[in-house]
Amino acid sequence: MAAYDGGKDECEMLVARNLLEQIEPSLDGAVVTADALHCQKKTARAIVENGGDYFIALKDNQPSIAKLASQRLDGLPPF
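Its first residue numbered 1, the sequence shown is counted upward by one per residue in our numbering.
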């Protein structure tokens with residue numbers, strides 16, 4: 001768990017990324033969850049480079065990834 005009192009001009013994505021990069025000792029063994037706003041390469045990279053894994057929601061804010069995911073899951077039964 002981490003907290004950061006960012007300024008009103010700081011965007012949520014940058015604040016989250018900065019926190020993920022600064023967690024000590026690391027994210028080893030941790031799974032980070034985030035909403036679709038954080039479905040960004042830089043955020044995923046910050047998590048993985050600090051030893052974690054991630055589960056990030058995917059919506060149409062990333063249309064090419066959403067289309068690919070839909071194609072790969074088409075026809076598969078739900079969980």
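Be a bit skeptical, because a hint or two may be false.
Using 27 Å as the maximum straight-line C-alpha spacing, the simulated DSS-like pairs for lysine-lysine come out as follows [unchecked claim]:
| id | residue 1 | residue 2 |
| --- | --- | --- |
| 1 | Lys42 | Lys67 |
| 2 | Lys42 | Lys8 |
| 3 | Lys59 | Lys42 |
| 4 | Lys59 | Lys41 |
| 5 | Lys8 | Lys41 |
| 6 | Lys8 | Lys67 |
| 7 | Lys41 | Lys67 |
Keep in mind that the hints were calculated from the coordinates and are not lab data.
Inset, instruction - Provide an ascending list of the numbers of those earlier hints which the structure does not satisfy. - result: 6
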